[in-house]
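Peer 1: Assemble the whole structure, with the sequences as input and the hints as a guide.
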Amino acid sequence: MSTTLTNPKAISEAGERIYDRLYRAEYEKRHLGKFVAIDITTETATLGATSSEVLADSRNANRKGLFHLIRIGHPAAFVRHTIAPSHRNIPRPPRVSLNQ
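In this text, residue positions in the sequence shown follow our numbering: the first is 1, and each later residue adds one.
It is worth saying that the hints were derived from the structure and are not from the lab. Any given hint could turn out to be false.
Said to hold, decoys possible - Listed next, the in silico BS3-like pairs over lysine-lysine satisfying Cα-Cα at most 27 Å (straight line):
1) Lys34 <-> Lys9
2) Lys64 <-> Lys9
3) Lys64 <-> Lys34
Peer 2: Structure representation (structure tokens):
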């Protein structure tokens, strides 16, 4: 695998191909919900309970690696949520009379 990849999309696609070919079948049976980092330079996988644990272990194993993070059995490693306050609960400022 080329180590000159700098495009995040290319790294992600390479990681997904490696995961599909070498790891998906076993990991989705045995490690659902855990995280795996795929080093696209060596095609090795590092498995763990948290994303930070997996990425730290991967980086320690190969300082020059390029990693694609996957949460096993999920469509994405992370989900973004937006929490907005309800407009009904925001107090209005008091009315000011201009005729005082």
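Peer 1: Each hint should be assessed against the structure and marked as holding or not.
Peer 2: Hints versus structure:
1. Among the hinted pairs, Lys34 with Lys9 is consistent with the structure: their alpha-carbon atoms are about 22 Å apart, no more than 27 Å.
2. For the hint linking Lys64 to Lys9, the alpha-carbon distance of about 18 Å falls within 27 Å, and the restraint holds.
3. For the hint linking Lys64 to Lys34, the alpha-carbon distance of about 24 Å falls within 27 Å, and the restraint holds.
Hint violations for this structure: none, all hints satisfied.
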